[in-house]
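Residue strings, one per chain:
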Amino acid sequence: MSIKVEELVYIYHKGTPLETVAIDGIELEIRKSEWLSIVGHTGSGKSTFAQHLNALIFPQQGKVMVENLEVDPESKDLRKIRQLVGLVFQYPEQQLFAETVFEEIAFAPRNWKVEEDRIQERVEEALVSVGLDQSFYDRNPFHLSGGEKRRVAIASVLSARPSYLVLDEPTAGLDAPGRRDLLGLLADLREKGLGIILITHDLELALSCSERIMIIEKGKKLYCGTPDEILSMLGQSHVHGLLLPDTAVLANQLRAQGWDIPLTSDERLLANKIIERVSL
Amino acid sequence: MRMPGKTIFDLKDVYFSYPGNKQPVLKGIDLKIYKKEWLALIGSNGSGKSTLARLLNALLVPSQGACFIYGLDSRKAENQWPIRNQVAMVFQNPENQIVGSVVEDDTAFGPENQGLPPQKIRERVSWALKVTGLEKLSRKATYALSGGQKQRLAISGALAMAPPVIVFDEPTAMLDPQARQEILGVLKSLHNDGMTIVYITHRLEEIVNSDRVVVLDDGQIQWTGRPVELFSDCKKLESWGIEAPSLVRLWSLLFRAGLVNQEVKPDLKGIYEALCQLK
Amino acid sequence: MKFLNHLTFGQYVPTSSIIHSLDPRAKILGTICLLTGVFLVEHPSAFIIWFLFLCSVTLLSRLPFRLILGSARPVMILVLFTAFIHVFFTKGTPLFSIGFITLSREGVIMGIYMGIRLLLLVLFASLLTLTTSPIELADGLEALFSPLKPLGFPAHELAMMMTIALRFIPTLLDETDRIMKAQLARGADLDRGGLLKRLRSFIPVLIPLFVIVFQRADDLAIAMESRCYKGGTGRTRMNPLNWSMRDSSALLVSLMCVLLLSWIDRSVW
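Chains as they are written, first to last, in this note's numbering: chain A, 0 to 279; chain B, 122 to 400; chain C, 840 to 1108.
FYI, nobody ran anything at the bench for these hints, they're computed from the structure.
One side of the interface only, derived from the structure: several residues of chain C facing chain B at Cβ under 10 Å: (1) Tyr851; (2) Ser972; (3) Ile974; (4) Ile1008; (5) Asp1013; (6) Gln1054; (7) Ile1061; (8) Tyr1068; (9) Lys1069; (10) Gly1073; (11) Met1077; (12) Pro1079.
Dumping the calculated DSS-like pairs for lysine-lysine here, alpha-carbon to alpha-carbon at most 30 Å: (13) B/Lys197 <-> B/Lys148; (14) C/Lys1020 <-> A/Lys217; (15) A/Lys3 <-> A/Lys191; (16) A/Lys148 <-> A/Lys79; (17) B/Lys241 <-> B/Lys309; (18) B/Lys143 <-> A/Lys148; (19) C/Lys1069 <-> B/Lys156; (20) C/Lys1020 <-> A/Lys13; (21) B/Lys357 <-> A/Lys148; (22) B/Lys153 <-> C/Lys1069; (23) B/Lys251 <-> B/Lys261; (24) A/Lys13 <-> B/Lys261; (25) A/Lys62 <-> C/Lys1020; (26) B/Lys386 <-> B/Lys153; (27) C/Lys1069 <-> B/Lys261; (28) B/Lys251 <-> B/Lys241; (29) C/Lys1020 <-> A/Lys219; (30) A/Lys79 <-> C/Lys1020; (31) A/Lys3 <-> A/Lys79; (32) A/Lys112 <-> C/Lys1036; (33) C/Lys1020 <-> A/Lys75; (34) C/Lys1069 <-> B/Lys251; (35) C/Lys1020 <-> A/Lys148; (36) B/Lys251 <-> B/Lys390; (37) A/Lys217 <-> B/Lys261.
Between beta-carbon pairs, the in silico distance windows are: (38) A/Phe141 <-> C/Phe1041: 11 to 21 Å; (39) B/Gly141 <-> C/Phe878: 51 to 61 Å; (40) C/Glu996 <-> A/Met232: 54 to 64 Å.
Built from N, CA and C at the ideal position, the CB exists for glycine as well.
Based on the sequences and whatever the hints tell you, model everything.
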């Protein structure tokens, strides 16, 4: 059970003077129940890639298969694909429109023709999984705090019971406590078996919470591997413009000076090793 | 740290509540900000920092207490425009500050409102775009700019009014890391040229170059001092809802172990050089 | 949706040409003149002359022809629709009938003429917006309406509203696209069903858009106030409008063409 991406190519405004290659041949398999982060700059193609996963955009070349269903404009399974892969856009609170939180969260399952008597169950389930409760049912989504709005927006995608959840910069605009809470929420969802696909420009964030990371630049897959593998791959080559976490850069610089310390972005580990090294 | 010059902002026991809300957002703020200073105002969401920012150019006036800007009482309506001519502001959302369809037309908006003669406006616009590095894009359509470029445009628009002070209200909150570096680069050069800067953020790594830091939490000033002094106690920061970035946490751990002292800046260069000297 | 902005909805294309450098007031008045002129003639030769006029102005503007013609594409449906109405609903000598709809000779002629007139109208208007930047247009309109200011006419405010609206069209298009995609991802069905159903299914797109727009208006007002905006009084311009001999001649030429053609059309043809 997985999402398979084979030799994906996507070009914006093909044939016009504004032609831009957004995705230039990417191969990837995303396993169910794994946390994969896709890291790249603005304009690297990561958002375009994400929108292929739930059939909002269609491949111009190559194939995207979501659990053996092909992402193709002619496909009769498009709605099934969109139900399997939930997509949470950046600043998802901007998509709120209903009069009550209940109606907002019920929108998705209703669109997927879930029977009305099962809707309440779905709404409750979704609310609880984002750390809210029934007391929110009748509240006006526009009167909630920023953090609550974002949770409701995520719940409104979860209520469709997707198997995978793609999130585009979910921590955008959040301060440190807000970010911690959100990542905790995602970790809980991951525990319950949901596949998490996190799209971000923050490599440090990805390193702290993902099982696997794919680095994308100019529409191409640069590296793909576990956080440790990524750090060592980046440590060896000079990737232009990619913002390696400062702690990892420092570790790299010290290693180049002959210091025997691990290549890591974890500051506690790094500090311990440095202190150890100096006291020798 | 620069020696305090003339007092530009003088907030005396300021309280502020939004109309309809009984709970004050700011409770008893006493703060002086000096000429040529880079003051960083840091706090978590809900600490009241944006509200405080808006008091500095008379967009809001205190519910209690007084706010004097260049000696002018912001509560007096006739002082509003003189204050805004001196204190420019750059906001969080790059998109919602841009009025013109073309870069130089938007930059000219401020000086046009100030009623300056055309030649003077052109000089100001040209200079402002040069400072922010946008001079080659002067005829570009504003919608086609990147996030970082839009925010630099907002800064140009503020600069073109030739203000001695600019207040930045979380200018990097909606930007990606690359764009954030662009903005901080512009700020550094402005500071070097003698601009007074009030910089509001919740990101600790952005205040490394400021002269003084004020920590706001729950509407009150909790702490004030030099940035280096703040970095040594990461636990205290967390209690105020501020997260220290990993490099600052590393610095703090090394500081406690005695490997770096307060003179070492908690950035890449500072720590690297200090550690190399140890060997 | 960035490409939508490059469709010539009459979006300004900066080039240096004689037409581009004319005072916007001259261009606005000139266009109004020409539009009137187009509706005052009836003879096919007059239309041909108007087309030639259009071509020469296009040449002078140094813009490619297909750009001007392309700007007519979005409104072609409207043009054809209007032509159709005239063809089928003008009374006159019948040519043939389908049921109770009669096609008349006069109708066909009327239809073709109206179609051509509308086409010329769109093309001339596009020439105006393609060669005049939004801020010039706003300044031009404000200047033309300023004699009405003492009567309470909000010339400056309207011009400012126009500038801001034009500035935000591309942004709003992008945001509409984004919200549509977000709702599609939640299973919304935006392109199925009859008219009423489609309108209703657009509510989850319209409401968020409204919220964004109102928040934007708030933020923008604060930003404008911070930049010392206090209305039109005392405002100067970086590029003030400058009426020159060239503008007078351009306007005069347009006026003369209109008068001449209408006279010839009336008396000779």
